[in-house]
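Protein chains in written order, with numbering that gives the first Met the number 0: chain A, 0 to 471; chain B, 0 to 471.
Derived from the structure by calculation, the hints contain no laboratory data.
Please note: incorrect hints may appear among the correct ones.
Below are the DSS-like pairs computed for lysine-lysine, each with C-alpha atoms no more than 30 Å apart in a straight line [stated by the list, open to error]: (1) 128/A / 276/A; (2) 339/A / 435/A; (3) 276/A / 339/A; (4) 276/B / 339/B; (5) 222/B / 435/A; (6) 222/A / 435/B; (7) 435/A / 128/A; (8) 222/A / 222/B; (9) 276/B / 128/B.
Every beta carbon over 12 Å from chain B, so not counted as near; a handful from chain A, in silico [as the list claims (entries may be wrong)]: (10) 36; (11) 47; (12) 135; (13) 178; (14) 189; (15) 227; (16) 273; (17) 290; (18) 326; (19) 397.
Idealized CB from N, CA, C, for every residue including glycine.
There are 2 protein chains.
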Amino acid sequence: MNAGSADVGTRPEPQALARAIEKLSARFGERLLTSMAVRDQHAHTTTWLQPQRPDAVVLAAQTADIQSVVRICSEYRIPVIAFGAGTSLEGQVNAPYGGICIDLRDMNRVLEVHADDLDCVVQPGVTRKQLNEYLRDQGLFFPIDPGADASLAGMASTRASGTNAVRYGTMRDNVLALKVVRGDGEIITTATRAKKSSAGYDLTRLFVGAEGTLGIISELTIKLHGIPEMIAAASCSFATVRGACEATILAMQAGISVARIELLNAAQVRACNAYSKLSLPETPLLLLEFHGSEIEVAEQTRKFGEIASECGGGSFEWTTRPEDRTRLWQARHDGYWAVKNLRHGAGIVATDVCVPISRLAECVVETEQDLEASGMLSPIVGHVGDGNFHCALLCDVADAGEIARAEDFQRRLVERAQAMGGTCTGEHGIGQGKQKYLRAELGIEAIDAMRALKSALDPQNIFNPGKIVPGH
Amino acid sequence: MNAGSADVGTRPEPQALARAIEKLSARFGERLLTSMAVRDQHAHTTTWLQPQRPDAVVLAAQTADIQSVVRICSEYRIPVIAFGAGTSLEGQVNAPYGGICIDLRDMNRVLEVHADDLDCVVQPGVTRKQLNEYLRDQGLFFPIDPGADASLAGMASTRASGTNAVRYGTMRDNVLALKVVRGDGEIITTATRAKKSSAGYDLTRLFVGAEGTLGIISELTIKLHGIPEMIAAASCSFATVRGACEATILAMQAGISVARIELLNAAQVRACNAYSKLSLPETPLLLLEFHGSEIEVAEQTRKFGEIASECGGGSFEWTTRPEDRTRLWQARHDGYWAVKNLRHGAGIVATDVCVPISRLAECVVETEQDLEASGMLSPIVGHVGDGNFHCALLCDVADAGEIARAEDFQRRLVERAQAMGGTCTGEHGIGQGKQKYLRAELGIEAIDAMRALKSALDPQNIFNPGKIVPGH
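Chain A extracted, bound-state conformation (with noise of 0.2 Å):
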């Protein structure tokens, strides 16, 4: 396999990486690391990308620790890879050209909390389970909640969002304002704490989902919410993923406040059914969550539930009491086991793509036409109210034409959801798995325009190179 068309970026000079790296050590004694073992560890891709692993890992603890390595790989023109918690989908932590992977999980404190601004501050390397631990005596909570416990920065870094997204946003809309290392090591701010601005270009939108390409981000300020009074969850059955569609939109359009609502499809509900011993009807199935006050929850439920029942929904079941909402969701969380527990030994690919919501039920079943058509396995899961839905793709990575097929589905895949004006991914990123994939999506014209933002902020390709923009 190779990485895509990623071919805008070269190695560097072994004299001058041999230089740089003799800095480095310097600098950083034992906090630079240039073990193989290392080194692998921080070229995990999580898909079918082959790992390219950098030339050597700083354990940053401090933002003057980013800008000195930003500042030696910037005068020997080194690739510098920002890495979080490794869990990016599409090799947005691989390293094509080598170079400095800059390791972040040590930058790990919360800096500011803001509880009458509902804001906080935070370092890269702070997880989002980690910061609502640190929350939650304090009646906040931040809602983003793409599954992996993810570094905020990386997050941010690849426009993530998740099952919450459809009531609370995205990160797009979470950040409010970043500190980011530029090229020459001076620190960009990005915003102020205000909560809204119309103080020239967003630079914040532009590092948000920018995965590292621009500058590394050393601080994050992020919008957080107030626990909600009360949290209901629900399930719902449909005889056809069109209904669990249909309800959607009805809900959406009544503006129902669902925080959650997600579609598992028959092959889903099943491995779900068979990994954690449940007996849920194994037809395309809504699992919902409302937040609010008790009778703002109560209200949305009946509200919903006479929807679902308007598009052939099955028995609406909801409840308040935390171990029953534990026990639903749980089936929804351990969904990657349930999936990786249907064929022994395989490794799983994880897509994302996301459409219109009119658009959602066809790209569901079209979907599910060709996995049945192409003899392949992978449950499906939805974020329905965004209209993002995800395939695990079950493959022997070591087979060579397994994995050939399954990039074919991709394809297939992608093109159906761009034909129905949809995008290639929905919160994965770009990285180096869909690369080919944009130029179809947007444009040239929009390629040009990221090509020239790219070398505006970066003019000497050493953020991340090879990875979103195409090569030419």
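Mind docking chain B on chain A? Use the hints.
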């Protein structure tokens, strides 16, 4: 008055300009206007900035017209300024280096409405009121309301927001995708209709708020919302601004999804009483609106009433009768005329800042003291849920001394907001008037980044030169 530090452009060579206008005349005939009256109309600034007229105005009727103008202007290096409804507040449509104004008011068609997806596609000159008229029969609405009946491309370009932003977000959150004519006349498509995407740099958010300096918006895809089942309006007087702000903070923390929450200071209430023949207590007032089902609205108003009374609020009255709602909000909407009524013949200079909500009371109170100390008249109105407030300075615009004092006041206002972690503009934009405040707010590194972005996407500096990015 000069136009700030906008020295990043030059007037075109007279011969080049003459040749460009000749070509435009051949192409557009009577849709090219060069009369002084028309040119003056298109340099309207609604502020103390001196109007600076373009050399000619083209009435664009379709995207191909925008492309033609841009291509001709690019060939001769002539500035191109987009003009929507002319309601911007910081000199965004001024032409400090002359050039061609593209008037987009005739490009006012709603191209597509996708009710299931809650989005629509519009031409740049569609105004928000026109769109809402168009949508009403379908039970849909577009929530962003900056007061003026601005064009949607203009609203996108200044990242407008207004009274509903606390619930529905700003233009940043409500634009899904744009088509933008770039310097060579080709069209950049920034995104698809998918509700979310991680496919590369966020080009949409880069053009939102760019004030026409990176290209001309020729089409917008924007989010819509279902018209709420019920709308309730309410008002509540407070002894102090602090009490009103504390009630707002508690409501936000409790997750009460108030649709509008507007602060009128005592001076604004007095002005409204006088103008609208009301008898509101002349103390700080919150005007609120709640959207939802009957039960939700009742619950939200009940919860807010409890909070208001904890914070020293007076009697909290709410109503769902349209005629009562209208009367209540009419006073707010007539605020501009109420203020104008305070001083016969005076002009109004509107300015805005935005601070973290925890600092809002302090910022408003200090600003009231500043006004009193400097003998100036300006009621204050705030989108208090966002920490954003407006002054409307009553000035004799022919009196240089008074204008100078007003500018001094504005500088102190901006510095006060910035010192509290806020921004020099929450929703009016930078234009010409606020360039001088940008560096203090974000630092030179952010300005460098903005300048690099401008050069990358507009290397000829033809798009609205002299706006946003301060000169060297």
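Here's how the hints hold up against the structure:
no. : hint          : verdict
1   : 128/A / 276/A : holds, 27 Å
2   : 339/A / 435/A : holds, 28 Å
3   : 276/A / 339/A : holds, 15 Å
4   : 276/B / 339/B : holds, 15 Å
5   : 222/B / 435/A : holds, 29 Å
6   : 222/A / 435/B : holds, 28 Å
7   : 435/A / 128/A : violated, 33 Å
8   : 222/A / 222/B : holds, 22 Å
9   : 276/B / 128/B : holds, 27 Å
10  : 36            : holds, 31 Å
11  : 47            : holds, 19 Å
12  : 135           : holds, 15 Å
13  : 178           : violated, 10 Å
14  : 189           : violated, 7 Å
15  : 227           : violated, 6 Å
16  : 273           : holds, 31 Å
17  : 290           : violated, 7 Å
18  : 326           : holds, 25 Å
19  : 397           : holds, 29 Å
Consistency with the previously given hints fails for numbers 7, 13, 14, 15, 17, ordered from lowest to highest.
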